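Q: Protein chains in written order, with full-length UniProt numbering: chain A, 1 to 534; chain B, 1 to 534.
Treat the hints as calculated values from the structure; they're not laboratory data.
Model, not experiment: these values are computed from the prediction.
Treat each hint with caution, since some may be false.
Copies of the same chain are indistinguishable here, so a pair counts whether it falls within one copy or spans any two.
What the hints assert, rightly or not - Distance condition first, Cα-Cα at most 20 angstroms in a straight line; then the derived SDA-like pairs of lysine to any residue:
no., residue 1, residue 2
1, Lys507, Tyr93
2, Lys338, Gly288
3, Lys507, Gly525
4, Lys211, Ile517
5, Lys127, Glu383
6, Lys211, Cys527
7, Lys279, Thr304
Protein chains: 2
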Amino acid sequence: MEPARLFLGLLCASAALAASSLHQRPPQPEFLLEELELELGESPSGSLWPLPRSLRILPRQLQLAPARFQLVHGPGSTAGPGCALLQDAFRRYYEYIFGYSKWQNQGQRPLPAGTELLQLQVIIVSKDSECDNYPNITSNEAYQLSVTEPVAVLRAEKVWGALRGLETFSQLVYEDDYGTFLINESEITDYPRFAHRGILLDTSRHFLPLKSILANLVSWHFVVTSISYQLITGSYSYDHVYTPTDVRLVIDYARLRGIRVIPEFDSPGHTKSWGKGQKDLLTPCFNGEHRSGSYGPVNPILNTTYHFMTDLFKEISSVFPDAYIHLGGDEVDFTCWKSNPDVTEFMKQQGFGIDYAKLESYYIQKILDIVSSANKGYIVWQEVFDKGVKIKPDTIVEVWIGSLYTAELSRVTGAGFTTILAAPWYLDYISYGQDWKKYYSVEPLNFPGCEKQKKLVIGGEACLWGEFVDATNLTPRLWPRASAVGERLWSSENVTNIQDAYNRLVKHRCRMLRRGIAAEPLFVGYCDPEYRGR
Amino acid sequence: MEPARLFLGLLCASAALAASSLHQRPPQPEFLLEELELELGESPSGSLWPLPRSLRILPRQLQLAPARFQLVHGPGSTAGPGCALLQDAFRRYYEYIFGYSKWQNQGQRPLPAGTELLQLQVIIVSKDSECDNYPNITSNEAYQLSVTEPVAVLRAEKVWGALRGLETFSQLVYEDDYGTFLINESEITDYPRFAHRGILLDTSRHFLPLKSILANLVSWHFVVTSISYQLITGSYSYDHVYTPTDVRLVIDYARLRGIRVIPEFDSPGHTKSWGKGQKDLLTPCFNGEHRSGSYGPVNPILNTTYHFMTDLFKEISSVFPDAYIHLGGDEVDFTCWKSNPDVTEFMKQQGFGIDYAKLESYYIQKILDIVSSANKGYIVWQEVFDKGVKIKPDTIVEVWIGSLYTAELSRVTGAGFTTILAAPWYLDYISYGQDWKKYYSVEPLNFPGCEKQKKLVIGGEACLWGEFVDATNLTPRLWPRASAVGERLWSSENVTNIQDAYNRLVKHRCRMLRRGIAAEPLFVGYCDPEYRGR
Chain A
1 MEPARLFLGL LCASAALAAS SLHQRPPQPE FLLEELELEL GESPSGSLWP LPRSLRILPR
61 QLQLAPARFQ LVHGPGSTAG PGCALLQDAF RRYYEYIFGY SKWQNQGQRP LPAGTELLQL
121 QVIIVSKDSE CDNYPNITSN EAYQLSVTEP VAVLRAEKVW GALRGLETFS QLVYEDDYGT
181 FLINESEITD YPRFAHRGIL LDTSRHFLPL KSILANLVSW HFVVTSISYQ LITGSYSYDH
241 VYTPTDVRLV IDYARLRGIR VIPEFDSPGH TKSWGKGQKD LLTPCFNGEH RSGSYGPVNP
301 ILNTTYHFMT DLFKEISSVF PDAYIHLGGD EVDFTCWKSN PDVTEFMKQQ GFGIDYAKLE
361 SYYIQKILDI VSSANKGYIV WQEVFDKGVK IKPDTIVEVW IGSLYTAELS RVTGAGFTTI
421 LAAPWYLDYI SYGQDWKKYY SVEPLNFPGC EKQKKLVIGG EACLWGEFVD ATNLTPRLWP
481 RASAVGERLW SSENVTNIQD AYNRLVKHRC RMLRRGIAAE PLFVGYCDPE YRGR
Chain B
1 MEPARLFLGL LCASAALAAS SLHQRPPQPE FLLEELELEL GESPSGSLWP LPRSLRILPR
61 QLQLAPARFQ LVHGPGSTAG PGCALLQDAF RRYYEYIFGY SKWQNQGQRP LPAGTELLQL
121 QVIIVSKDSE CDNYPNITSN EAYQLSVTEP VAVLRAEKVW GALRGLETFS QLVYEDDYGT
181 FLINESEITD YPRFAHRGIL LDTSRHFLPL KSILANLVSW HFVVTSISYQ LITGSYSYDH
241 VYTPTDVRLV IDYARLRGIR VIPEFDSPGH TKSWGKGQKD LLTPCFNGEH RSGSYGPVNP
301 ILNTTYHFMT DLFKEISSVF PDAYIHLGGD EVDFTCWKSN PDVTEFMKQQ GFGIDYAKLE
361 SYYIQKILDI VSSANKGYIV WQEVFDKGVK IKPDTIVEVW IGSLYTAELS RVTGAGFTTI
421 LAAPWYLDYI SYGQDWKKYY SVEPLNFPGC EKQKKLVIGG EACLWGEFVD ATNLTPRLWP
481 RASAVGERLW SSENVTNIQD AYNRLVKHRC RMLRRGIAAE PLFVGYCDPE YRGR
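Starting from the given sequences, assemble the full structure and let the hints guide the process.
A: In structure tokens, the structure reads:
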């Protein structure tokens with residue numbers, strides 16, 4: 001049983017040439033200092049992250065007066081004050097833009113005529129703004145932003161594009177040494193390169209408090225207090241369970257930020273904690289002729305297993321609005337199945353011989369059918385595809401095994417399946433130095449295949465598995481390293497200048513600190529105002 | 001210019017066989033789960049960290065009633081209520097023992113006669129308790145602790161031993177599922193294996209707020225706002241400076257915990273930030289016949305340099321009570337010196353030929369003399385010794401270069417110098433997995449040399465350089481990894497059972513969380529009560 005995954009859109013990031021300095025002896029401090037001096041500088045794109053698809057920043061600066069500036073619905077917008085999602089975003093971005101500053105202490109100087117930006121007008125163009133929807137894989141996130149005196153205009157088909165545009169607008173505003181808020185006249189047209197830009201948070205190996213999840217926009221230990229099955233319990237104490245209220249809170253919090261929440265329930269392996277709540281769910285292992293007392297993967301030969309799974313996925317489907325559920329399917333150890341005489345007998349009856357992969361496929365096939373009948377699509381780890389399990393044509397296959405992942409991308413897309421790339425972005429595998437450059441340098445479509453195959457890659461995921469991560473170190477380990485993946489998945493393929501990325505990411509990281517996210521430093525230096533953290 | 005270093009005594013830690021699984025592909029999750037199941041268990045020593053030299057825990061349990069139990073000065077102690085250090089420690093440890101619990105909500109049940117521990121009596125035996133002193137390299141940290149009904153007695157020559165004994169006592173107390181505080185009758189005799197057990201915190205590459213320093217017991221960016229020279233300024237903004245008050249606060253906070261604070265001022269290299277505050281201090285670099293505009297190491301040919309340094313170290317000596325100053329001396333790049341015609345001319349005059357190491361030695365020799373005349377001892381990085389600079393016989397040489405450090409230990413001690421080992425404990429060099437085992441497995445005296453040479457190793461340091469560390473990730477990166485070094489330096493040489501260490505360290509880490517230190521997890525699992533995150 002594994003984490004929920006979040007589809008990150010708000011804080012995205014960018015990728016370039018890999019320095020590939022992994023695992024060699026770290027450079028000595030004096031070298032690093034030189035490196036810094038080479039690197040630190042101004043990007044022509046300021047602090048924007050991720051870089052928009054098309055960007056024109058003009059020299060003319062406009063001022064914003066915190067006491068007068070407003071985020072408003074523009075004329076003709078199909079969303080108005082009744083759109084809670086945008087109202088909430090207006091409030092949030094007003095605070096991001098002005099909130100951490102000390103402007104409140106300053107007198108409100110009158111500004112010379114023709115130099116002030118008075119409003120950001122947000123206009124939703126489409127008849128259906130999707131204000132009350134949940135985001136999904138086909139959500140339109142495109143927007144156009146035009147900053148000219150006296151009002152800036154943000155146009156988007158749907159609210160999802162407006163959210164992305166608000167983030168960009170907030171990143172365009174800066175404060176000078178005298179506390180004046182400024183923005184350059186600008187023209188931006190933007191839309192994501194990949195629709196699926198995910199972060200995987202693991203709440204099964206360490207419980208993550210709700211606060212940590214929300215602070216990182218999303219994530220959580222996926223454990224539902226199901227009445228019928230007492231699913232959950234498992235390896236945590238009574239306190240360490242997400243209640244249905246917690247789950248709804250996370251989903252709603254994510255929705256307001258245009259983020260999907262996809263739960264993962266990995267089976268038949270990775271299920272030890274399930275067994276404690278559910279009699280007979282796991283396979284009893286044998287030591288010769290006797291039960292050893294320990295348990296293996298889910299027991300695939302009992303009808304009760306499938307009854308349980310049917311009820312479980314019915315409940316999950318009702319709790320999680322997203323059209324997809326991640327079903328896992330990775331890393332099944334056959335040792336216990338092999339030891340169990342009932343399983344052996346079942347293998348014979350089914351004509352599986354001694355090929356336990358066939359038994360696994362049998363199990364997975366049944367689970368896929370159960371999920372399908374609950375009207376959900378599914379995402380599976382690459383092993384399910386590799387083992388030849390029959391999966392629906394609309395299944396999403398997630399490629400995670402680090403070695404030779406480009407060949408796997410070729411195979412998966414060659415077979416016509418949609419795919420998500422995670423392999424090069426396992427953020428839990430830490431190493432010394434600026435490993436964000438490695439993540440940034442990945443080009444997801446750089447694998448052998450035709451155009452049609454490339455189109456089947458719908459995005460990627462930065463995975464932060466939890467063996468060594470909990471609330472104490474989650475945030476600085478995730479950020480800003482995940483930001484590198486974010487830009488790679490949002491911005492154009494040709495956005496690969498690592499120097500420019502460094503300059504922007506340093507500022508983006510400081511902005512995260514100001515917004516309360518304890519992102520770790522990229523390298524030596526400081527933010528102004530300095531983060532006053534713990 | 002580099003960090004202050006703290007000599008850690010309070011939260012110490014232990015070392016065993018290195019798994020040496022560094023930089024190989026991380027094990028897969030299912031394996032890790034098995035590993036956990038093998039590893040988790042009870043140590044016969046409970047949660048003690050570091051393990052005392054001699055320990056007898058008896059089966060008989062005594063209860064502690066929070067409303068009645070007291071930490072008091074015992075009969076005949078040379079320290080009494082006038083000893084602020086112990087009074088502060090009594091208050092602190094009472095809170096550590098009972099504070100985080102919910103006992104306040106429980107009725108105070110009367111306890112059966114003969115089962116209650118009523119007091120811990122602390123008895124300082126020596127005529128001079130050293131209550132008002134600063135700790136130093138020769139401070140006596142030994143103690144004896146006897147827990148029997150109805151009172152426990154903690155005996156120590158000096159307050160330093162009492163501090164260590166209070167920590168051990170607090171670790172012996174545990175809470176059962178019903179909220180009852182229990183302690184087993186025990187007999188402990190304890191003293192450290194090495195006198196120097198240090199943590200190096202780097203405040204030069206990232207400013208660390210005072211709060212972060214204190215939260216980790218000590219550390220800081222070492223920058224003194226000196227009136228005569230405006231030392232400091234440097235790479236930080238105006239806000240990022242420690243005031244003299246900050247410095248005194250840190251020193252006093254550390255003293256109350258038996259921790260020394262040793263400042264490091266690394267020169268002639270690592271000094272770029274100094275130059276900005278001090279004209280002519282750094283060597284101007286040349287590009288052919290003209291100044292390039294950049295600056296190199298400290299300029300060793302000017303009298304003004306040594307006047308500045310004399311004033312600087314006079315001030316430092318008055319601010320820092322410790323008998324030692326760390327002078328650095330590592331990693332000098334000669335390129336700039338070589339480019340400068342005045343330096344070349346000076347080399348000729350001095351008969352140095354083209355051997356710039358001689359010029360460096362000339363500089364260091366002068367600095368050492370300046371520090372000596374300020375009545376301070378000095379610690380230097382190994383290069384100063386390696387380059388044959390003439391150093392006083394009581395100089396402490398710190399061995400930091402990772403490769404072949406055992407040979408270096410042989411050479412340094414063979415030449416009769418006292419030494420500190422840092423090389424295997426560079427905590428900033430992170431890697432995937434349980435790298436604490438690697439730190440724990442180091443045996444500092446495992447190098448070729450006679451008994452007399454081994455005696456010259458006075459301890460070691462866990463170094464957390466700051467290229468990639470600031471307030472956002474300092475604490476979880478330092479703890480519990482530094483604890484492994486702590487036990488190695490405190491406990492007996494034969495305390496090397498990694499399984500036992502794991503079991504104790506898991507609990508010690510949970511205790512750190514309860515005490516407000518956001519130590520990262522060793523591996524999967526949870527603390528009870530769970531840490532509720534930032």
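Q: Evaluate each hint against the coordinates.
A: Structure-based check of all given hints:
| no. | hint | in the structure |
| --- | --- | --- |
| 1 | Lys507 with Tyr93 | within (18 angstroms within a copy, 43 angstroms between copies) |
| 2 | Lys338 with Gly288 | within (11 angstroms within a copy, 76 angstroms between copies) |
| 3 | Lys507 with Gly525 | within (11 angstroms within a copy, 36 angstroms between copies) |
| 4 | Lys211 with Ile517 | both (12 angstroms within a copy, 18 angstroms between copies) |
| 5 | Lys127 with Glu383 | neither (43 angstroms within a copy, 72 angstroms between copies) |
| 6 | Lys211 with Cys527 | between (25 angstroms within a copy, 17 angstroms between copies) |
| 7 | Lys279 with Thr304 | within (10 angstroms within a copy, 82 angstroms between copies) |
Of the numbered hints given earlier, the model fails hint 5 alone.
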